[in-house]
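Undergrad: Chains A and B supply the protein sequences, listed in that same order.
Using the working numbering, you'd call the opening residue of the first sequence number 812 and step up by one each time.
Using the working numbering, you'd call the opening residue of the second sequence number 84 and step up by one each time.
Derived from the structure by calculation, the hints contain no laboratory data.
Quick reminder that beta carbons are idealized off the backbone N, C-alpha and C, glycines included.
Hints may be right or wrong, so weigh each one.
[Stated by the list, open to error] Cut-off 20 Å, straight-line C-alpha distance, at most; resulting in silico cross-link-like pairs (EDC-like, lysine to aspartate or glutamate):
1) 953/A <-> 925/A
2) 918/A <-> 270/B
3) 944/A <-> 270/B
4) 331/B <-> 269/B
5) 939/A <-> 199/B
6) 213/B <-> 859/A
7) 950/A <-> 976/A
8) 822/A <-> 863/A
9) 213/B <-> 979/A
10) 271/B <-> 292/B
11) 213/B <-> 984/A
12) 213/B <-> 987/A
13) 966/A <-> 217/B
14) 822/A <-> 847/A
15) 122/B <-> 843/A
16) 171/B <-> 151/B
17) 822/A <-> 859/A
18) 213/B <-> 847/A
19) 944/A <-> 208/B
20) 213/B <-> 985/A
21) 213/B <-> 849/A
22) 213/B <-> 967/A
23) 918/A <-> 208/B
24) 213/B <-> 863/A
25) 312/B <-> 270/B
26) 918/A <-> 269/B
[Said to hold, decoys possible] The calculated label-pair distances, taken between Cβ atoms and stated as ranges, are:
27) 238/B <-> 967/A: 53 to 59 Å
28) 224/B <-> 839/A: 21 to 27 Å
29) 166/B <-> 919/A: 48 to 54 Å
30) 845/A <-> 240/B: 37 to 43 Å
31) 127/B <-> 919/A: 28 to 34 Å
32) 966/A <-> 244/B: 31 to 37 Å
33) 297/B <-> 919/A: 55 to 61 Å
34) 924/A <-> 244/B: 42 to 48 Å
35) 192/B <-> 867/A: 51 to 57 Å
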Amino acid sequence: MSGSKNDRELKAAIEALIFVSEEPITANRLAEILGDLDPEDVEALANEVMAEFNAREGGLEIRRIAGGYRMSTRPQYHEVLRRYLRTRPAARLSLASLETLAVIAYKQPITLPEIQEIRGKNSVSSVKTLLEKRLIVPKGRKPVAGRPIMYGTSKEFLIQFGLNDLSELPSIEDFEDFITE
Amino acid sequence: MPEEDGEPMEASTGLSSSPYKVKLDVFEGPLDLLLHLIKKEQVSIYDIPIARITEQYLEYLRLMHEMDITIASDFLVMAATLIYIKTKMLLPRSPLTEDEEEDEDPRRPLVERLLEYQKYKAAAEMLWSKAQVEQAVFTRPPLDLQEAGTEIAATTYDLFEAFRRAMERLKEKIQLEIAREEVPLEEKIADLRQRLERTDRLDITALFEEARSKRELITIFLAVLELVKESVIRLVQRVAFGQIIAIKVNRSPSTTERAP
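Generate coordinates for the entire structure from the input sequences, incorporating the hints supplied.
TA: Take a look at the structure:
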């Protein structure tokens, strides 16, 4: 991308849009609003905006989340912000739900019996909780006897766990290092 | 270690050193319990002393049973599996199958499951800490687009709810209802129309408050419904369950055209 006046204006507009957008805004959406530009060009510009913005190393940052761009505070300032906001970390998922979520995240699409096989435990209520919290979504049915529903993670999952896409999750094999001898 | 407020990530205490209640809540399932026992006994997951672990496992179930805790069937299935493995290990190896299946360790399928499960347990902890970090990240709060039209259309239910609340307040306010002051519906509608000549917005809640009797309140309610039906006004809310505002619907050119 050249540093032409036009590009500079587009980048400023992109930054403003990322600021105003309530959820991560995609390059496609940015391109649409900016007047039917090529999404790929817009993505390149947005990436420049992101790099320049973050080079400041200020209290705010732009990150790629769930395929879009999102402006937020930098994680390292969470303590001072919490002191000001007087908040505590919100209620988390139970261990059972987190475990179930981990299995689904790595093995998706996966059916309930398959989840239970790995966990060695009935997982109906965990799956229900995750569905209610919109962290997982049904992804069709498995073409086997009984046609069980398959589950996968949702966009909400990416947002809540600060991921751009699933490839950002560490490989499941990496967790072998944790295994107690 | 993510271990806080009644959501322990793993058992930190042994069977004998903590109150039953605490430790019983801790194990997520039979695999979790087995891993705990293996850790507690400081034995290798690849070479589980099956007799010892089985004994401990059954002891744990006995404790649960003594305390009248319903033992999930998953735990019983695992107990059966453990006993089966134990028995199999006691049996002398059949000379017939030896060359076919080599000498497969009867513990192997269980070990594989434990290793697999442990990976996801670790992944769950990773997700836990990720969520912790992300919860400490704040985005800009939703903009309050006051005049920009982020109003939500109020539903009939919202209107009825406001009516019901006004009705309740009225009950407290009015002790006696002596003379029946009749306010015809037509009059009320005309009154509201007149007000709408002067202003573009009417606070429905305040309007309900004006009612001096139940009858009048009902009349106001019906008048509002009538005006909505005639598309003279539309009802909006700034937030869900919030105050209901009637906004005049600007139609064909009229005297109010020049209103700001």
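Undergrad: Does each hint hold? Answer for all of them.
TA: Here is how each hint holds up against the structure:
Distance check on the hinted pair: residue 953/A and residue 925/A sit about 11 Å apart at the alpha-carbon level, within 20 Å; holds. With a CA separation close to 68 Å, the supplied pair residue 918/A and residue 270/B exceeds the 20 Å bound. Between residue 944/A and residue 270/B, the direct Cα distance comes to roughly 50 Å. Violation of the 20 Å bound is thereby established for this hinted pair. Restraint check for residue 331/B and residue 269/B: satisfied, since their Cα atoms lie roughly 19 Å apart, inside the 20 Å limit.
The hinted pair formed by residue 939/A and residue 199/B fails the criterion: a straight-line CA distance of about 23 Å is larger than 20 Å. Note on residue 213/B and residue 859/A: the hinted pairing is violated, with a Cα-Cα distance of about 26 Å set against a maximum of 20 Å. Between residue 950/A and residue 976/A the alpha-carbon distance is near 17 Å, which keeps this suggested pair within the 20 Å criterion. For the suggested pair residue 822/A and residue 863/A, the alpha carbons sit about 10 Å apart, so the restraint of at most 20 Å is met.
For the hint linking residue 213/B to residue 979/A, the alpha-carbon distance of about 12 Å falls within 20 Å, and the restraint holds. Taken as a hint, the residue 271/B and residue 292/B pair is honoured in the structure, with Cα atoms around 14 Å apart against an allowance of 20 Å. Between residue 213/B and residue 984/A the CA atoms are separated by roughly 18 Å; this keeps the pair inside 20 Å, and the hint holds. Our distance criterion of 20 Å between C-alpha atoms is met by residue 213/B and residue 987/A, whose separation comes to about 19 Å.
A hinted pair counts as satisfied when its Cα atoms are at most 20 Å apart, and residue 966/A with residue 217/B qualifies at roughly 15 Å. A hinted pair counts as satisfied when its Cα atoms are at most 20 Å apart, and residue 822/A with residue 847/A qualifies at roughly 15 Å. For a cut-off of 20 Å, the pair hint linking residue 122/B to residue 843/A is broken: about 57 Å separates their Cα positions. Using a Cα cut-off of 20 Å, the hinted pair residue 171/B and residue 151/B is violated, with the two alpha carbons roughly 32 Å apart.
For the hint pairing residue 822/A with residue 859/A, the CA-to-CA distance comes to about 8 Å; that is within 20 Å, so the pair holds. Of the supplied pair hints, the one linking residue 213/B and residue 847/A is violated, its CA atoms being roughly 36 Å apart against a limit of 20 Å. A C-alpha spacing of about 19 Å is found between residue 944/A and residue 208/B, which places the hinted pair at or below 20 Å, so the restraint holds. Note on residue 213/B and residue 985/A: the hinted pairing holds, with a Cα-Cα distance of about 16 Å set against a maximum of 20 Å.
Between the alpha carbons of residue 213/B and residue 849/A the distance comes to roughly 34 Å, so the proposed pair goes past 20 Å and is violated. For the suggested pair residue 213/B and residue 967/A, the alpha carbons sit about 14 Å apart, so the restraint of at most 20 Å is met. Between residue 918/A and residue 208/B the alpha-carbon distance is near 17 Å, which keeps this suggested pair within the 20 Å criterion. Annotation: proposed proximity of residue 213/B to residue 863/A is violated, straight-line Cα distance about 25 Å (limit 20 Å).
Among the hinted pairs, residue 312/B with residue 270/B is consistent with the structure: their alpha-carbon atoms are about 17 Å apart, no more than 20 Å. Taken as a hint, the residue 918/A and residue 269/B pair is broken in the structure, with Cα atoms around 66 Å apart against an allowance of 20 Å. One distance hint, 53 to 59 Å for the beta-carbon pair residue 238/B and residue 967/A, is violated here, with the actual separation near 26 Å. The hinted window of 21 to 27 Å between residue 224/B and residue 839/A holds, with their beta carbons roughly 25 Å apart.
The hinted window of 48 to 54 Å between residue 166/B and residue 919/A is violated, with their beta carbons roughly 35 Å apart. At about 40 Å, the beta-carbon gap between residue 845/A and residue 240/B stays in the expected band of 37 to 43 Å. With their beta carbons about 32 Å apart, residue 127/B and residue 919/A fall inside the hinted range of 28 to 34 Å. For the pair residue 966/A and residue 244/B, the supplied restraint of 31 to 37 Å holds, since their beta-carbon distance comes to about 33 Å.
Between residue 297/B and residue 919/A the beta carbon distance is about 58 Å. The supplied range of 55 to 61 Å therefore holds. Checked against the given bound of 42 to 48 Å, the beta carbons of residue 924/A and residue 244/B, roughly 44 Å apart, stay inside it. Checked against the hint of 51 to 57 Å, the C-beta distance between residue 192/B and residue 867/A comes to roughly 55 Å, which is consistent with it.
The structure fails to meet hints 2, 3, 5, 6, 15, 16, 18, 21, 24, 26, 27 and 29 from the earlier list, while all remaining hints are met.
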